[in-house]
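2 protein chains.
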Amino acid sequence: MKFCSQCAAPVSLITPEGDTKARFVCSTCYTIHYQNPKVVTGCLVTHQGKVLLCKRAIEPRYGLWTVPAGFMENRETLEEAACRETLEEAEARVEQVELYAVFSLSQISQVYVLFKSELSAPFNYGAGIESLEVALFAEHEIPWGELAFPIVRKVLEYYFHDRKQGVYPVHYADIYRDE
Amino acid sequence: MKFCSQCAAPVSLITPEGDTKARFVCSTCYTIHYQNPKVVTGCLVTHQGKVLLCKRAIEPRYGLWTVPAGFMENRETLEEAACRETLEEAEARVEQVELYAVFSLSQISQVYVLFKSELSAPFNYGAGIESLEVALFAEHEIPWGELAFPIVRKVLEYYFHDRKQGVYPVHYADIYRDE
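Respectively, the protein sequence lines represent chains A and B.
So the first sequence is numbered by my numbering: it starts at 411 and just counts up by one.
So the second sequence is numbered by my numbering: it starts at 411 and just counts up by one.
There's no promise every hint is true.
[Stated by the list, open to error] EDC-like, lysine to aspartate or glutamate: derived pairs with alpha carbons at most 20 Å apart:
{"no.": "1", "chain 1": "A", "residue 1": "Lys460", "chain 2": "A", "residue 2": "Glu501"}
{"no.": "2", "chain 1": "A", "residue 1": "Lys574", "chain 2": "A", "residue 2": "Glu551"}
{"no.": "3", "chain 1": "A", "residue 1": "Lys431", "chain 2": "B", "residue 2": "Glu540"}
{"no.": "4", "chain 1": "A", "residue 1": "Lys465", "chain 2": "A", "residue 2": "Asp584"}
{"no.": "5", "chain 1": "A", "residue 1": "Lys448", "chain 2": "A", "residue 2": "Asp584"}
{"no.": "6", "chain 1": "A", "residue 1": "Lys448", "chain 2": "B", "residue 2": "Glu540"}
{"no.": "7", "chain 1": "A", "residue 1": "Lys564", "chain 2": "B", "residue 2": "Glu508"}
{"no.": "8", "chain 1": "B", "residue 1": "Lys564", "chain 2": "A", "residue 2": "Glu489"}
{"no.": "9", "chain 1": "B", "residue 1": "Lys448", "chain 2": "A", "residue 2": "Glu501"}
{"no.": "10", "chain 1": "A", "residue 1": "Lys448", "chain 2": "B", "residue 2": "Asp584"}
{"no.": "11", "chain 1": "B", "residue 1": "Lys431", "chain 2": "A", "residue 2": "Glu489"}
{"no.": "12", "chain 1": "B", "residue 1": "Lys431", "chain 2": "A", "residue 2": "Glu490"}
{"no.": "13", "chain 1": "A", "residue 1": "Lys564", "chain 2": "B", "residue 2": "Glu489"}
{"no.": "14", "chain 1": "B", "residue 1": "Lys448", "chain 2": "A", "residue 2": "Asp429"}
{"no.": "15", "chain 1": "A", "residue 1": "Lys448", "chain 2": "B", "residue 2": "Glu489"}
{"no.": "16", "chain 1": "B", "residue 1": "Lys431", "chain 2": "A", "residue 2": "Glu483"}
[As the list claims (entries may be wrong)] Short, incomplete list of chain A residues facing chain B, as computed with Cβ under 10 Å:
{"no.": "17", "residue": "Gly428"}
{"no.": "18", "residue": "Tyr440"}
{"no.": "19", "residue": "Tyr444"}
{"no.": "20", "residue": "Phe481"}
{"no.": "21", "residue": "Val512"}
{"no.": "22", "residue": "Asn534"}
[Stated by the list, open to error] To list a few chain B residues with every Cβ distance to chain A over 10 Å, as calculated:
{"no.": "23", "residue": "Ser415"}
{"no.": "24", "residue": "Ser422"}
{"no.": "25", "residue": "Thr425"}
{"no.": "26", "residue": "Pro426"}
{"no.": "27", "residue": "Gly428"}
{"no.": "28", "residue": "Lys448"}
{"no.": "29", "residue": "Glu489"}
{"no.": "30", "residue": "Ser530"}
{"no.": "31", "residue": "Ala537"}
{"no.": "32", "residue": "Gly555"}
{"no.": "33", "residue": "Phe570"}
{"no.": "34", "residue": "Asp584"}
For the record, the hints were derived by calculation from the structure and aren't laboratory data.
For every residue, glycine included, the Cβ atom is placed at its ideal position computed from N, Cα and C.
Here chain A stands alone, though its shape is the one from the complex (with noise of 0.2 Å):
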């Protein structure tokens, strides 16, 4: 950030009165502005033990697997943002959509929210404008060596250790990647 988006000036990096952290406060009309973490947020898409796995036609991890899963936009709610990405990504619609992890990325500043969710009937799917392929994986056919991020690997150990007890609680972890 270079200049105000209120008025143009040019914003410098300082700490505010009354403040702890440094910010982008503009020279001329003072305005300050805060930088916050992203929501990212997406479906765990099983049918029959099954789960759907995007393979990302962009970049980053470009032709690695991930799950559909993208920004969240101002308006909607986090499920209503996890189905969109889905039905965007993966061209499924799903159902039983229920919160089933939280992660925090700090290192990216970002928030990943994943619901859990069957396939709705007629289990059709579909590779999106962000996917090159999309298929439904059992475990022991899952590209372990090939996921995109680490949230995709931790959230799969997940639902298959789960779905070997019948339960699914709410899962949340801090994430980090080598840096």
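Start from chain A and add chain B according to the hints.
Just chain B now, kept in the frame of chain A:
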């Protein structure tokens, strides 16, 4: 938003090619300025079945009671942010911090993430700069008519219900306010 934070040229609200929503786009450098929901996080602090509430010393809802919570900052985890807010607003240190409630407030583009926690020994607390007063309330002492936000009522209802059952599942709800 009126001006581009990268180059100071005016922005227009247009739908970029391949997108489905209107965004602020720079007329000169074509930077797309996405705007996304903000995350508010905090703690439901409990001690011997009582709950810690803060009387707000700031707008909005000056003088009404809330749980310690505030905007998550970049580079922190949800739990770190929740504990920081609890220390700032209620001067309370907590332990046994566990994810407890996730709320979507789509009307105001916010996500709330609240953790259940126990007040740490020696059980100190006090009014931080944003609070007029901080106190522990048993269920029959809760000022139900003077709560600051619908999410405060909701999380208190969850807690006193769950306490009777002796189990504390993670809750998810969409919260709508009369407009």
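Hint by hint, here is what the structure shows:
no., hint, in the structure
1, A/Lys460 x A/Glu501, "holds (17 Å)"
2, A/Lys574 x A/Glu551, "holds (17 Å)"
3, A/Lys431 x B/Glu540, "holds (17 Å)"
4, A/Lys465 x A/Asp584, "violated (25 Å)"
5, A/Lys448 x A/Asp584, "holds (15 Å)"
6, A/Lys448 x B/Glu540, "violated (25 Å)"
7, A/Lys564 x B/Glu508, "holds (18 Å)"
8, B/Lys564 x A/Glu489, "holds (18 Å)"
9, B/Lys448 x A/Glu501, "violated (27 Å)"
10, A/Lys448 x B/Asp584, "holds (19 Å)"
11, B/Lys431 x A/Glu489, "holds (18 Å)"
12, B/Lys431 x A/Glu490, "holds (15 Å)"
13, A/Lys564 x B/Glu489, "holds (18 Å)"
14, B/Lys448 x A/Asp429, "holds (19 Å)"
15, A/Lys448 x B/Glu489, "holds (16 Å)"
16, B/Lys431 x A/Glu483, "holds (9 Å)"
17, Gly428, "holds (8 Å)"
18, Tyr440, "violated (15 Å)"
19, Tyr444, "holds (7 Å)"
20, Phe481, "holds (6 Å)"
21, Val512, "holds (6 Å)"
22, Asn534, "violated (21 Å)"
23, Ser415, "violated (5 Å)"
24, Ser422, "holds (13 Å)"
25, Thr425, "holds (13 Å)"
26, Pro426, "holds (14 Å)"
27, Gly428, "violated (8 Å)"
28, Lys448, "violated (5 Å)"
29, Glu489, "violated (7 Å)"
30, Ser530, "holds (20 Å)"
31, Ala537, "holds (16 Å)"
32, Gly555, "holds (28 Å)"
33, Phe570, "holds (20 Å)"
34, Asp584, "violated (5 Å)"
Violated hints, listed in ascending order, are 4, 6, 9, 18, 22, 23, 27, 28, 29 and 34; each of the other numbered hints is respected by the structure.
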